[in-house]
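Modelling step: build the complete structure from the supplied sequences, incorporating the hints.
These protein sequence lines are chains W and Y, in that order.
Numbering of the first sequence is given in the working numbering, commencing with residue 1 and proceeding in unit increments.
Numbering of the second sequence is given in the working numbering, commencing with residue 1 and proceeding in unit increments.
Note that these hints are calculated values from the structure, not bench results.
Warning: the hint list may mix true and false statements.
The list makes no distinction among identical chains, and a pair is therefore deemed to hold if it is satisfied within one copy or across any two copies.
The list that follows gives simulated cross-link-like pairs (lysine to aspartate or glutamate, DMTMM-like), each with its CA atoms no further than 20 Å apart [stated by the list, open to error]: (1) K402 <-> D334; (2) K80 <-> D441; (3) K115 <-> E160; (4) K60 <-> E49; (5) K417 <-> D196; (6) K460 <-> D428; (7) K460 <-> E388; (8) K434 <-> E214; (9) K459 <-> E214; (10) K12 <-> D291; (11) K104 <-> E86; (12) K50 <-> E203; (13) K138 <-> E29; (14) K80 <-> E113; (15) K389 <-> E113; (16) K115 <-> E91; (17) K459 <-> D13; (18) K402 <-> E366.
Number of protein chains: 2
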Amino acid sequence: MAAESPITPRRKDFPQWYQDVIRQGDLAEPAEVVRGCMVIKPHGYAIWEKVQADLDRRFKATGHRNAYFPLLIPMSFLAKEATHVEGFAMECAVVTHSGLRAVKDGDGHARIEVKNELEEPYVIRPTSETIIGHYFHKWIQSHRDLPMLINQWANVMRWEMRTRMFLRTSEFLWQEGHTAHATHDEALEEVRRMLDVYADFAENVMALPVIRGEKTENERFAGALRTFCIEAMMQDGKALQAGTSHDLGQNFGKAFDVKFQSKGGGLEYVWQTSWGVSTRLVGGLVMAHSDDAGLVLPPKLAPVHVAIIPIYKNDAERTRVIEAGETLRRALVDLDLSVVLDVRDDMRPGAKHFEWEQKGVPVRVELGPRDVDGNTCVYKRRDRDPKEKVTLPLAGAAPVLKALMDEIQKSLYDRAKAFREAHTVKVDAWDDFKTALKGTDGVGNFVVAHWDGTTETEKKIKEETRATIRCIPLDAADEPGVCVYSGRPSARRVIFAEAY
Amino acid sequence: MAAESPITPRRKDFPQWYQDVIRQGDLAEPAEVVRGCMVIKPHGYAIWEKVQADLDRRFKATGHRNAYFPLLIPMSFLAKEATHVEGFAMECAVVTHSGLRAVKDGDGHARIEVKNELEEPYVIRPTSETIIGHYFHKWIQSHRDLPMLINQWANVMRWEMRTRMFLRTSEFLWQEGHTAHATHDEALEEVRRMLDVYADFAENVMALPVIRGEKTENERFAGALRTFCIEAMMQDGKALQAGTSHDLGQNFGKAFDVKFQSKGGGLEYVWQTSWGVSTRLVGGLVMAHSDDAGLVLPPKLAPVHVAIIPIYKNDAERTRVIEAGETLRRALVDLDLSVVLDVRDDMRPGAKHFEWEQKGVPVRVELGPRDVDGNTCVYKRRDRDPKEKVTLPLAGAAPVLKALMDEIQKSLYDRAKAFREAHTVKVDAWDDFKTALKGTDGVGNFVVAHWDGTTETEKKIKEETRATIRCIPLDAADEPGVCVYSGRPSARRVIFAEAY
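Below, the structure is given as structure tokens:
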């Protein structure tokens with residue numbers, strides 16, 4: 001009798017599956033004592049470190065430099081850009097006091113209470129446009145100071161009502177790019193450049209196909225003229241906004257008086273952009289690739305590429321098998337793979353297999369005494385049916401396993417793309433819209449439909465179906481039609497979906 | 001007539017010199033709008049990134065894994081370890097509210113105020129022993145879960161009264177290692193291992209000679225049984241505590257009920273350690289190596305190793321010189337050096353020289369049309385008299401400049417070590433103590449003297465002289481004597497100094 005899986009099947013309960021995969025993969029856990037926060041455990045954090053390293057290299061290659069601004073922002077700063085404060089007001093955590101003191105209750109129990117009230121409260125940054133606007137004002141005088149291309153890796157805090165690990169937490173880790181330019185054209189070029197950096201990273205590193213598009217007015221970043229995004233499909237057919245890039249126009253320039261002397265000699269406000277991705281990407285990875293056995297990771301983000309599991313019954317076998325395993329491990333490390341030779345003696349090989357499977361290791365290699373005698377090893381690919389075992393000559397195994405990494409990376413991308421294509425539906429009638437959105441077997445669709453361009457219609461569609469306009473795709477063809485909801489004229493189709 | 005230097009000489013006003021070096025080196029600036037905080041600018045942050053990368057590699061090589069815990073800590077957690085809360089109570093920033101709302105003043109002006117009071121306030125982590133103790137309780141059940149070796153890179157907040165950039169700021173960036181072990185011996189081994197990691201990093205990467213020692217009871221981390229440290233001498237003869245490693249005993253284990261089933265089957269409390277270094281190291285770098293012309297950086301932490309400054313008077317010269325400069329740049333990059341070929345047309349060569357000098361670039365290369373004709377270039381080492389120019393054949397310049405990096409790294413270390421040795425004085429009489437401590441020409445000394453082992457004497461010495469016991473050096477010989485202050489018996493000498 002098979003033991004019951006610790007992971008709820010995707011098709012039975014997707015949100016529960018998601019939580020189970022994270023728990024069994026040892027990625028994170030809710031910080032039940034800190035409202036809406038999470039603890040990122042070593043295996044989850046190692047994935048984030050890989051995300052960071054790859055993106056950071058891309059940011060530097062496009063001329064950006066990292067800097068660090070204060071966590072706390074004077075409350076008054078937030079109010080300087082009117083739309084911005086409206087968008088973030090309810091999500092701010094506010095620091096009002098410093099110092100603690102011990103006091104005694106009436107019944108003599110010791111208790112801690114806050115001590116000194118601050119003259120002006122600070123908010124914990126929900127994003128840093130305002131404080132960075134303040135410094136851009138100090139740092140930018142002339143066109144020679146432009147473009148100013150800054151990135152910050154930081155924690156931010158948005159007091160959320162409904163949280164979900166990685167996808168929406170009160171505190172999260174992210175990077176926020178902030179740039180200032182002499183012209184609107186240059187700023188827009190930057191906005192699109194960074195969107196492309198995100199899209200390329202998503203597709204080639206995360207193995208996650210994305211749609212590049214523009215947000216509607218209703219879904220724009222608070223304070224932006226235009227917001228661009230990459231949108232990905234999860235395995236329940238819902239959309240995940242995986243990254244955004246904002247054209248801030250001169251809104252923050254005016255709010256923080258960031259002016260420069262132009263080449264012509266006049267004083268002009270700078271044109272700004274901001275763009276960010278966060279630990280949410282780790283949640284996207286989980287929901288895009290994992291299966292009912294647990295986490296599946298694309299090799300380019302896997303903290304461990306190969307787990308070698310030795311099989312032995314006695315010390316003599318153990319010595320031989322581990323020696324062969326160590327030789328293989330070294331050969332793989334020489335090919336720049338990250339490898340674990342799992343020599344734990346207090347665990348059975350089956351349990352080890354199970355653990356590395358749940359942790360998403362792309363390839364597991366089994367090595368027993370008969371394999372060593374026959375100079376072979378047996379491997380399983382994490383992206384394939386676990387019953388599928390392949391036997392390899394041990395001597396030449398390393399380059400074969402190395403080549404497998406590219407193959408697995410590609411197969412995950414292809415699978416995710418085929419899934420999205422199979423769950424993308426073009427519709428023209430309102431009833432079809434609702435049916436298509438809902439999908440079948442608990443898997444929804446991206447619905448490609450005409451929209452009349454009004455926030456009013458967008459909101460009504462959301463009320464009736466929970467679908468939002470994920471984006472107006474950048475590659476959407478001009479195609480006159482009529483709005484699927486209002487029947488009014490439409491210039492092109494947009495993408496509707498339920499979203500995280 | 002020479003222009004007045006923007007940097008105050010060290011011997012005239014050391015604190016002002018420090019600020020000037022940071023400003024002219026474009027490392028950071030005070031965040032005047034956020035109490036006691038700073039903005040770390042790109043050049044300063046790039047140094048911190050190099051510190052991080054090197055240390056992170058060392059932490060991983062010693063078996064540690066990174067994780068991330070919440071920024072906010074329930075106020076009640078802090079009170080669970082009595083000494084700990086006493087040590088940190090006054091330095092806590094407290095989050096009491098969420099959400100903002102716009103209100104109108106009596107005169108109709110819009111204003112922002114805080115909205116919802118939290119049920120329990122949170123403190124922004126001043127350090128994470130308490131929240132991590134909470135999770136260790138959840139994660140550790142058996143001796144098989146030990147040792148647990150965690151590190152966190154994070155921002156922390158300590159509301160300081162007197163701040164100084166990098167050295168003491170309300171918010172700072174750091175790493176905090178937190179480990180749990182089955183026995184006190186293993187924990188102590190870890191404490192010493194990480195102290196050695198810090199010392200090796202300081203000496204071999206920062207070019208900063210350090211003394212390894214133990215803190216007195218009075219200077220211990222709040223909640224630790226024993227605190228070990230590395231102490232370095234700055235160019236004013238004061239001490240900088242550059243890193244600490246704490247034996248926490250079972251204090252936090254008991255406070256957070258972190259118990260494990262031992263091999264023998266009983267339930268025991270874990271033995272914990274914690275250890276950390278922070279952005280303060282960047283301040284230490286500045287104060288140890290820089291000179292009256294500005295920042296001096298050891299090559300291993302320099303974001304730019306070589307600045308190539310082309311000299312030309314017309315377009316034809318510009319083309320030739322920049323072509324030669326680009327060839328040299330590529331040759332240096334191939335040797336893994338970070339190089340800037342400074343082609344800015346709106347700046348004179350002298351100004352470029354000056355800027356790279358102030359930014360601490362180890363080597364500047366000058367390349368003019370006559371150099372190119374003669375197949376030579378001229379370089380200046382940042383660690384030598386700026387008048388000292390060396391001419392090199394251009395063709396073979398790259399390997400020579402590469403080799404210079406090791407030489408500069410070593411010369412900075414040797415210089416700092418010679419300085420410390422010249423400013424370390426053994427004394428046995430109280431009057432000599434005071435004279436030695438004060439030193440001459442504004443440069444104090446490390447005073448190696450006998451101490452009777454009591455906090456009372458330590459405090460009196462501090463009151464009278466501002467000197468604290470920096471540490472009891474690990475290599476201090478047993479040497480019976482009498483306390484320089486009280487005349488009571490002493491078992492060995494300790495190091496006194498004024499400190500940052």
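Evaluation of the provided hints:
1. In this assembly of identical chains, the alpha carbons of K402 and D334 lie at most 20 Å apart only when taken from the same copy (10 Å versus 27 Å across copies).
2. Taking the closest pair of Cα atoms, K80 and D441 never come within 20 Å of each other, the shortest separation being 48 Å inside a single copy and 50 Å across copies.
3. In this assembly of identical chains, K115 and E160 lie within 20 Å of each other by CA distance solely across copies; the values are 15 Å between and 27 Å within a copy.
4. In this assembly of identical chains, K60 and E49 lie within 20 Å of each other by CA distance both inside one copy and across copies; the values are 16 Å within and 13 Å between.
5. Taking CA atoms no more than 20 Å apart as the test, K417 paired with D196 passes inside one copy only; the shortest distance there is 18 Å, against 50 Å between copies.
6. For the identical chains of this complex, K460 and D428 are intra-copy neighbours only, at 17 Å inside a copy versus 86 Å across copies, given an alpha-carbon limit of 20 Å.
7. Within a single copy, K460 and E388 get their C-alpha atoms no closer than 49 Å, and across copies no closer than 75 Å, so neither meets the 20 Å cut-off.
8. Taking the closest pair of Cα atoms, K434 and E214 never come within 20 Å of each other, the shortest separation being 23 Å inside a single copy and 70 Å across copies.
9. For the homomeric pair K459 and E214, the shortest alpha-carbon distance inside one copy (17 Å) is at most 20 Å, but the shortest distance between copies (65 Å) is not.
10. In the homo-oligomer, the alpha carbons of K12 and D291 lie at most 20 Å apart inside one protomer (12 Å), although the nearest pairing across protomers, at 68 Å, exceeds that limit.
11. Proximity of K104 to E86 under the C-alpha cut-off of 20 Å is restricted to the inter-copy arrangement: shortest distance 15 Å between copies versus 41 Å within a copy.
12. When the C-alpha separation of K50 and E203 is checked against a cutoff of 20 Å, the pair qualifies only within one copy, where the shortest distance is 15 Å, while the shortest distance between copies is 29 Å.
13. Proximity of K138 and E29 under a CA criterion of 20 Å is satisfied inter-copy only: 11 Å between copies versus 41 Å inside one chain copy.
14. Taking the shortest alpha-carbon separations for K80 and E113, only the inter-copy value of 14 Å comes in at or below 20 Å, while the best intra-copy value is 33 Å.
15. In this homomeric assembly, K389 and E113 never come within 20 Å of each other (Cα to Cα): the closest approach is 61 Å inside a single copy and 63 Å across copies.
16. Taking the shortest Cα distances, K115 and E91 sit within 20 Å of each other only across copies (11 Å), while inside one copy they are farther apart (25 Å).
17. Proximity of K459 to D13 under the C-alpha cut-off of 20 Å is found in neither arrangement, the shortest distances being 28 Å within a copy and 64 Å between copies.
18. Taking the shortest Cα distances, K402 and E366 sit within 20 Å of each other inside one copy (16 Å), while across copies they are farther apart (46 Å).
In the structure shown, a violation is registered for the earlier hints numbered 2, 7, 8, 15, 17, in ascending order.
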